[in-house]
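*Asks:* Below, each chain spelled out in residue letters.
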Amino acid sequence: MTTLDNSRAHELGGHGHHEGSYLTPKGGFLATVWDWATTVDHKKIGVMYMVAVLFMFFLGGLAALAVRTELLDPVRTVTVQAIDPATGKPMIDADGKPVMKTQIVGQTLARWIPPRDGSEITSIDYGNQLYNRAFTLHGAIMVFMVIIPSIPASLGNFFIPLMLGAKDVAFPRLNLLSWYIYVTGSIFAVASILLGGVDTGWTFYTPYSTTTDAEHANVVLMVLGAFILGFSSILTGLNFIVTVHKLRAPGMGWFDMPLFIWAMYSTSVIQVLATPVIGITLLLLCFERMFRIGIFDPALGGDPVLYQHFFWFYSHPVVYVMILPAFGVISEIIPVHSHKKIFGYRAVAFASLGVALVSFLVWGHHMFASSGELGATVFSALTFLVAIPTAVKVFNWIATLYKGSIALTTPMLYALMFLFLFSIGGLTGLPLGALATDLHLHDSYFVVAHFHYVMMGGTIITFVAGLHHWWPKMFGKMYSQFWANVGAWTVFVGFNLTFFTQFFLGTQGMPRRYASYVEEYHTLHVWSTVGSFVLLAGFLIHLFVFIHSLVAGRKAPANPWGGLTLEWEAASPPSEHNFDHEPIVTHGPYDFETTVPPHWNAKDYAMTKVPAGAHAH
Amino acid sequence: MSTPHSTAEVFNELDPHGFGGYTKHAHHVVSGTVLKVILGILLAFTVVTVGAAQFEKWIETSLAIQLPHWVNVFIAMSIATVKATLVLMYFMLLRYSNPINTIVFLFCLLAFALFLFFTLLDLSTRGAINPIKAHQVEAGGIGGITAGWRTGPDAILISQAPVVFWRERKITEVGQKRFDEMKAILSHGGHGSTHAPEGSTGNRSLNRPGLTEGLFSATAPAAHGSGHDAHGSEHGAQPAPAHNAEPAKH
Amino acid sequence: MTTLDSRSNPLGQDVQGSEPLWKRYLPGHHWRSGEEEFDACTLGFWLFLATEVLLFAGLFCAYTVLRYKHPEAFANGSSYLDWRWGALNTVVLLISSYTMAASIRAFQLNHQKQGRMLLATTFICGLAFLLIKFTFEYTPKLSGWFISFDPALHHYASLIDKEGMWGLFKHVEGYGGKAPGQFFSYAFSEDAWEPLWWSVYYCATGIHALHVIIGMSLIAWCFRRARMLAYGPSHYTMVENTGLYWHLVDLIWIFLFPLLYLIH
Chain Z
1 MTTLDNSRAH ELGGHGHHEG SYLTPKGGFL ATVWDWATTV DHKKIGVMYM
51 VAVLFMFFLG GLAALAVRTE LLDPVRTVTV QAIDPATGKP MIDADGKPVM
101 KTQIVGQTLA RWIPPRDGSE ITSIDYGNQL YNRAFTLHGA IMVFMVIIPS
151 IPASLGNFFI PLMLGAKDVA FPRLNLLSWY IYVTGSIFAV ASILLGGVDT
201 GWTFYTPYST TTDAEHANVV LMVLGAFILG FSSILTGLNF IVTVHKLRAP
251 GMGWFDMPLF IWAMYSTSVI QVLATPVIGI TLLLLCFERM FRIGIFDPAL
301 GGDPVLYQHF FWFYSHPVVY VMILPAFGVI SEIIPVHSHK KIFGYRAVAF
351 ASLGVALVSF LVWGHHMFAS SGELGATVFS ALTFLVAIPT AVKVFNWIAT
401 LYKGSIALTT PMLYALMFLF LFSIGGLTGL PLGALATDLH LHDSYFVVAH
451 FHYVMMGGTI ITFVAGLHHW WPKMFGKMYS QFWANVGAWT VFVGFNLTFF
501 TQFFLGTQGM PRRYASYVEE YHTLHVWSTV GSFVLLAGFL IHLFVFIHSL
551 VAGRKAPANP WGGLTLEWEA ASPPSEHNFD HEPIVTHGPY DFETTVPPHW
601 NAKDYAMTKV PAGAHAH
Chain Y
1 MSTPHSTAEV FNELDPHGFG GYTKHAHHVV SGTVLKVILG ILLAFTVVTV
51 GAAQFEKWIE TSLAIQLPHW VNVFIAMSIA TVKATLVLMY FMLLRYSNPI
101 NTIVFLFCLL AFALFLFFTL LDLSTRGAIN PIKAHQVEAG GIGGITAGWR
151 TGPDAILISQ APVVFWRERK ITEVGQKRFD EMKAILSHGG HGSTHAPEGS
201 TGNRSLNRPG LTEGLFSATA PAAHGSGHDA HGSEHGAQPA PAHNAEPAKH
Chain L
1 MTTLDSRSNP LGQDVQGSEP LWKRYLPGHH WRSGEEEFDA CTLGFWLFLA
51 TEVLLFAGLF CAYTVLRYKH PEAFANGSSY LDWRWGALNT VVLLISSYTM
101 AASIRAFQLN HQKQGRMLLA TTFICGLAFL LIKFTFEYTP KLSGWFISFD
151 PALHHYASLI DKEGMWGLFK HVEGYGGKAP GQFFSYAFSE DAWEPLWWSV
201 YYCATGIHAL HVIIGMSLIA WCFRRARMLA YGPSHYTMVE NTGLYWHLVD
251 LIWIFLFPLL YLIH
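Chains as they are written, first to last, in our numbering: chain Z, 1 to 617; chain Y, 1 to 250; chain L, 1 to 264.
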């Protein structure tokens, strides 16, 4: 791969001259802030998305820890001897018998957040409702504000134009607008939380969402927030599709594109085709709640299951909006860090499109317990189609690793963890897709564990992997591989401790969304909660590694891992206009056997080997 | 992956992406005559679709032939599809522009078709209960709902269908005789069509196997003898209990 | 000129002159040519139109399911609508679609005045559509208040009980209250599920009317820019995309009209 003026580009990247880097401040502090707030540069918008998403991840994570802490202990009503508030001693009545009273133990959230009017808690309902709010908060934030925009909006925005050799996305101002829409939607959601939260679950199923909290506007705010976030998602997807169609560098045909682009393209197709339906669904839900129009209300002739169809027509494809970008990131990391051409390029590319297509055929498997029998049977049969393209991808990644020159860098470590976790997540999806077993496992912790293995073990783990893979390119700084690896292992241990236990809980009958449980589940719940705090420790390690890298990290070379895709040809960090000259593509993105990576410098690549036969261009 | 090739082969300054002939179509100017003819056809089809609906109604009222429900939908949607295709091809220039635009639109229609098909597949067969589970179906009914604003001093909580509630209330207000007079004027009115045409049973309700027993008995229109709601009583409905209404304040 | 692109080309200042605005237009810095930018904007807009169609897909799907469940409520509810107003509105929208397409043609041929006139006609047609919808359809059905020259009024003469606004409006007793869902209070319904029909009717036509308003705003913007000579044979992306949007509004109505007005 070459630019028209290779020597100049090499000088820029290889020796770390950062004049014209997109990160160079424009004047004073306020001028810089204004510059970022009004930028149409896809790189800055990508970074802004990253910061916003990580902040929401922090909020959603707090809610998750609240949920796990509540579940540390089952809720029990016990009879204890009353304490005299005046003397502080146990109370005794006139006959000398101890005065007994009932007390609720095991409710953590209720202790942390006492009732606003200061009254004493006499019923377990109060704590249970707090728990409902905590898991709704966790689900809504993690799905709508973290996982959906995580890889596409941050890494996608930053790297799609770079990988295509373009100066920017097709519609830069629209790109900035979608960031502001994202922030607006998030503000709606946060406002809803501050006003007391929502207890409907992240799916906003009717009639929960139309009848609970009748006196509050919280549900409407949260639903409107999700509605607004949908526009952000649509505009980003639309932008990427046009960018891929119209802004590929000269010489880059469809099958010369990096697989990350293929994955992002498929993701964008889903975003554009599925998100409008959730738009109208949430709009109708708002009307339903505010004006009681009855479309989802059986008392007025409507149909609550219609809501579920509407919701899952979007929300199942959106599961692939979450996981497809992760597939794309893995398809980049594995060839680069094992320095080997990807196995079955076209199979992986078409598998991305295949997943996008199948995603529209299987939404009914979320509704096996509520849909009719024919519908459930058809959807169950179609659900197994999903296994084909995903398995094609996993097998191809493993085949790529075979006889590769594997460097156990942090991104690679995460990619290998992804393969392990995603395989567990994927395979446990099969019993859930089978109608007969699903009716047993439905709404149990087995489902919870399954989708956390896919959503978190798949997407979040890969988001972190992608951040480590591209961090040197984004900020021009290296990070401590050792501490990042420590963080990675901590996350891995914490993750499995948290969620593998939940498979057992689920098969034993622990239902999801319950604030309490019978004594038999106690041990596993304790392990799960311990795991969630180990997970927290792992992410904190990563946070400190990144902060240390920004403050005191060593300057990154232009191509620290020896990648061949176009972004490694730009400087680290890239200049305002990405490339000095429009790059021209002369080799494939994974032709490691025949090409020396751009900005080749032996001392930077101690961890990777280049085959003897490869030649520099 | 493609074999390495020289720069000159790949890069054409005038057509860097190899879009070939597509871009030259981008600025196609449609002839004014074509636009006028298309408008004429569209207006003609509007007349046809209204005429078809009137004709169907005439068959039902004059010949007392009950057309199947899908006939109306099929004819109306066929004409609308032809009209929409003309608008897409000539007004929206799909015929002349880059084919990718047409592909985008077709994929959108495919998503729409999947959405409609699978939703209907499920919701239209939900009533078919596997015999082995038939005994699990339980009787249901409507819950308490409000008529008017849900909260505030004007909230009226009712436990019957709003239609029944407001009818009873109007009858109480003006008396049965006046009610019937008003109804005669209002329902055979100036809004272009009539209700319950003579000679038609008017009942198009589908046979819904496995329908929850008693679900409709509380909400079907009361048979108050005006003769206009013959189909209501075919549900086997009893007049809804009016005393359930709790008008809070008037 | 388009709202979708970035026009931060530093060359913009160098080519000022007596040329009309559309000749001075330069594509965004990341495009290789204006042709490509136009092509990309059109593709982007078609993708946006796809999202609009799928937004209405939800309404059409709800309509289908609920009509399947309650065919009589829909047939009865539909008979309260006057197909003549619906047909008139269809004609108005079809004509406006024609004038919009013709206006694009005019700008392609640099017939500036004709183009502006046609844009204005399109805008007026949109306004007429909304006026008919609100004056003759929504208002009487919701409140029972008719505008005094409504031709339907003579039929209800015996039920007129109030006048308002110096005789401009007349109230027909018992006619109003055909509102969605729980706001329904019409006393002479014949089917238990008619409130649901009104919910579907108002959601579908209301969201469509919102799109008409958005389309009219875009046309107004185009008109303003056209007076500055911003559109011409080599650059008319904004008019083109506004036209696409306006045709989509028409397209949705082509389906809504028979589905709402012509069922029985």
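One thing to keep in mind: the hints can contain errors.
Claimed, not checked - Computed list of lysine-lysine pairs in DSSO-like fashion (alpha-carbon distance at most 30 Å, straight line):
no.	chain 1	residue 1	chain 2	residue 2
1	L	141	Y	177
2	Z	167	Z	89
3	Z	555	Z	167
4	Z	341	Z	26
5	Z	341	Z	477
6	L	113	Y	177
7	L	162	Y	36
8	L	113	L	23
9	Y	183	L	23
10	Z	167	L	162
11	Z	89	Z	101
12	Z	167	Z	26
13	Y	183	Y	57
14	L	162	L	133
15	Z	26	Z	403
16	L	23	Y	57
17	Z	167	Z	403
18	L	23	Y	177
19	Y	183	L	113
20	Z	477	Z	555
21	Z	555	Z	341
22	Z	555	Z	89
23	Y	57	L	113
24	Y	36	L	141
25	L	113	L	141
Said to hold, decoys possible - Under 8 Å between C-beta atoms, here's a sample of chain Z residues computed to sit facing chain L:
no.	residue
26	26
27	241
28	246
29	424
30	427
31	431
Everything labelled a hint here was simulated from the structure, so no lab data went into it.
All figures in this text were calculated on a predicted structure; none of them were measured in a lab.
Glycine included, every Cβ here is placed at the ideal spot set by N, Cα and C.
*Asks:* If a hint holds in the structure, say so; if it does not, say that too.
*Replies:* Now for the hints, and whether the structure bears them out:
| no. | hint | verdict |
| --- | --- | --- |
| 1 | 141/L <-> 177/Y | holds (24 Å) |
| 2 | 167/Z <-> 89/Z | violated (75 Å) |
| 3 | 555/Z <-> 167/Z | holds (24 Å) |
| 4 | 341/Z <-> 26/Z | violated (41 Å) |
| 5 | 341/Z <-> 477/Z | holds (27 Å) |
| 6 | 113/L <-> 177/Y | violated (63 Å) |
| 7 | 162/L <-> 36/Y | violated (46 Å) |
| 8 | 113/L <-> 23/L | holds (17 Å) |
| 9 | 183/Y <-> 23/L | violated (65 Å) |
| 10 | 167/Z <-> 162/L | violated (67 Å) |
| 11 | 89/Z <-> 101/Z | holds (14 Å) |
| 12 | 167/Z <-> 26/Z | holds (20 Å) |
| 13 | 183/Y <-> 57/Y | holds (22 Å) |
| 14 | 162/L <-> 133/L | holds (23 Å) |
| 15 | 26/Z <-> 403/Z | violated (48 Å) |
| 16 | 23/L <-> 57/Y | violated (57 Å) |
| 17 | 167/Z <-> 403/Z | violated (37 Å) |
| 18 | 23/L <-> 177/Y | violated (75 Å) |
| 19 | 183/Y <-> 113/L | violated (54 Å) |
| 20 | 477/Z <-> 555/Z | holds (5 Å) |
| 21 | 555/Z <-> 341/Z | holds (28 Å) |
| 22 | 555/Z <-> 89/Z | violated (65 Å) |
| 23 | 57/Y <-> 113/L | violated (47 Å) |
| 24 | 36/Y <-> 141/L | violated (36 Å) |
| 25 | 113/L <-> 141/L | violated (41 Å) |
| 26 | 26 | violated (14 Å) |
| 27 | 241 | holds (6 Å) |
| 28 | 246 | holds (4 Å) |
| 29 | 424 | violated (34 Å) |
| 30 | 427 | violated (33 Å) |
| 31 | 431 | violated (31 Å) |
The earlier numbered hints that this structure contradicts are 2, 4, 6, 7, 9, 10, 15, 16, 17, 18, 19, 22, 23, 24, 25, 26, 29, 30 and 31.
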